[in-house]
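Peer 1: Here's the letter readout for the chains.
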Amino acid sequence: MGLENQIFESLPDVITVKLDAVINWARKSSIWPATFGLACCAIEMMNSVSARNDLSRFGAETFRASPRQADVMIVSGRVSRKMAPVLRRIYDQMPEPKWVISMGACATSGGVFDNYAIVQGVDKIVPVDIYIPGCPPRPEMLVHAIMMLQEKIMTESVKDRRDTIESESRKSIVPGTLPVTEGTALEDMARLSDVKPYTVESKHERRRSS
Amino acid sequence: MSVVLENSANQFDVLDQSLESQMTISMGPQHPSTHGVLRLELVLDGELVVKTVADIGYLHTGMEKLFEYKKYQQGIVITDRMDYLNPLGNNLAYVMAAEKLLQIEIPERAQVIRVMFCELQRIASHMVWLGTHCLDIGAMSPFFYCFRQREKILNLIEAASGGRMTPSYFRIGGLMMDLPAGFERRVNQFLDDFPDAMDMLETLVTGNTLFQSRTKGIGVISGGDAIDWGLTGPCLRGSGVNLDLRKHNPYSGYETYDFDVPVETDGDVWSRFRVRMREITESYKIVRQAISRLKPGPTKADAPKIVLPDRDDMRKHMDSLIHHFLIVAEGFSVPEGEVYHAIEASKGELGVYMKSNGGPKPERVHFRGPSFVNLSALPVLAEGEMVADVVAIIGSLDIVLGEIDR
Amino acid sequence: MNTEVLQNFVTNLKDENPNWVLDVKDALGEVSVTINGEFIVAICWFLKSKKDFDLLADLCGCDRGVEEDPRFEVNYHLFSTKHYNRLRLKVLLTEDDPKVNTVTSVWRTADWHERETYDLLGIKFENHPDLRRILLPSDFDGHALRKDYPLRGYEPYSLT
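Protein chains in written order, with the working numbering: chain A, 1 to 210; chain B, 1001 to 1406; chain C, 2001 to 2160.
If you are wondering where the hints come from, they were derived from the structure by calculation, not from laboratory data.
Careful: at least some of the hints might be erroneous.
[Said to hold, decoys possible] One-sided excerpt, in silico: chain C residues whose CB lies under 7 Å from chain B:
no., residue
1, Leu2028
2, Leu2056
3, Cys2062
4, Trp2112
Heads up, the beta-carbon is just placed ideally off N, CA and C, and yes, glycines get one too.
Let's have the full structure, built from the sequences with the hints guiding it.
Peer 2: Right, dumping it as structure tokens:
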């Protein structure tokens, strides 16, 4: 008595749907988070996938260590100034469509740590879709945030979620690092000598800010 | 690579050289098995680790600076977020240092409750260590069983303090408030179930030959070296040195409890694993003893200018209301002086250096995090091991980056 | 708490070399010995080899205040795994030239402690094998734990 039986009985062979609707439905049903554990909230994030709060009920339990395979970045914990460039780098490495959940007071606003070391809100570095309050938030709150994100995904349009054009993304080079290219190392060095922006806004970000 | 090959006369020469040469890889800060945001630079010869350079500070929070701007009682909140697997241990170290400066005595009941919670927290902390350690090595299922047990302990902590991971339950001069009604029953319920769960974990992990072959003889450090590198806690006891501050520098009445200090002699990952596993059982014994010692009594010291009064008192007595107002608005001044107080946290010696200049805010608070010191020995432990074993060694050190970077 | 045992160690230090000990404070069950910074390595070797203080539990710096002179102090918390006593050594340093010899040759654990103290307070440890910043990024401006360093730092507040 699976879903297949019911679809077989009740639906015709060919149906017409809105492309956005079906793609978003597929996207929201299997959100893969990137493991981005930073501090205390990371433990609650681990808790949310463990026995009691099984996040896999919502299709979001497959934590990926590689940002290339991830859809949502759960920034769980305080972001230090030393970590900020790394965080942005990982965000840039994630392919579109990508979303960000800012988990906990520290990631959202700096929390109790209003000082020289902590970035006062991760939204200064990456665009955030869902904010979770709490210090640390309970695992249930993270589950709720994932559900809210799923609702949000359903309202999006596929057109807004395209990767940055490669020629543009080349512009964003973190100082002191070499990108992997087909060219020789010397050519890369020559390219690096131009002043490069630290990062290029994604299409999605540009749309939000306009 | 291709460019080099084209220019060279003999391609194979170059290939051979490049195979012999050492390679540096960067591990972290976003790596699933570095327990947070640790970054390692590994110099490799093939698969063998030649040199390890640990790069920390990716979670530097400026806590020690922040302490200087907060009143003594506000600092407790910050300590929760330091070693977030063992927040009550941090609370205890901080609070006891302040109490030493203030020279106030804590009532018996508060002492017993503190010991009970510290040991429960130690079990919870070791549960996270066991789960993640196994996860790093490749066993998935112990993680779920460990977190299930930890969840039960967090429920107990939540029942008493209102917070799961950031309780701030110990206050200067006692406890935040007394235990809720029926708490002993809940602890006993947990304790009754726990030995079975522990047995299951032992069967799942300890008897596992894969686990044994990944841990035995890996990351060896001798007792003398371990002391030289400042290792404390299970890492030191895994190298055959019997040092437990609960026994040798007793505090909070630990000298009256009956428990053993597990010591293993091999100094490898397996020894450290065995020490922690046996420690869980010892902690279980201490909780059992503590719960039987709970007798009705006050949970706050008799120091009205330092300890917040009960809500009930504030409604009846003007004095209490005034004291409450003064403590919250201005804080209490602590006599000039400096102390270093060390406790045995779940990861080793957690020391607090606190210096007061006579005002309501400390002049300097420094935390000696056991993880910080234990991690500094990583280059010695990892030298000559395989890359994959570095993960096992980091797991066996049981580090928490919140405490390392502070 | 009885500090008689600890006082004996201080007497031993004084007997060994009268120039070593500048001041002794016995308070709250702890003995704090202010020592002459020039002899730090010799004193530490003496305490480690003769008096069994084999574990350097902690090393931390402290800024006593901008007006104070000497402004900085470095505290060495020694512990023994044989007789389980603790002793605090204190070295006072002036603002103009805050430097002291490293004790990494005595206890290797001092390595990271000294780097941290250098990072946050700017106290230089001479002959340290690898004295660079440990917690803060290498391009960080200033030393965060100094009293004249603002809590929120100098950088634009947008990020911090």
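Peer 1: Among all the numbered hints in the text so far, which are the ones the structure does not match?
Peer 2: none
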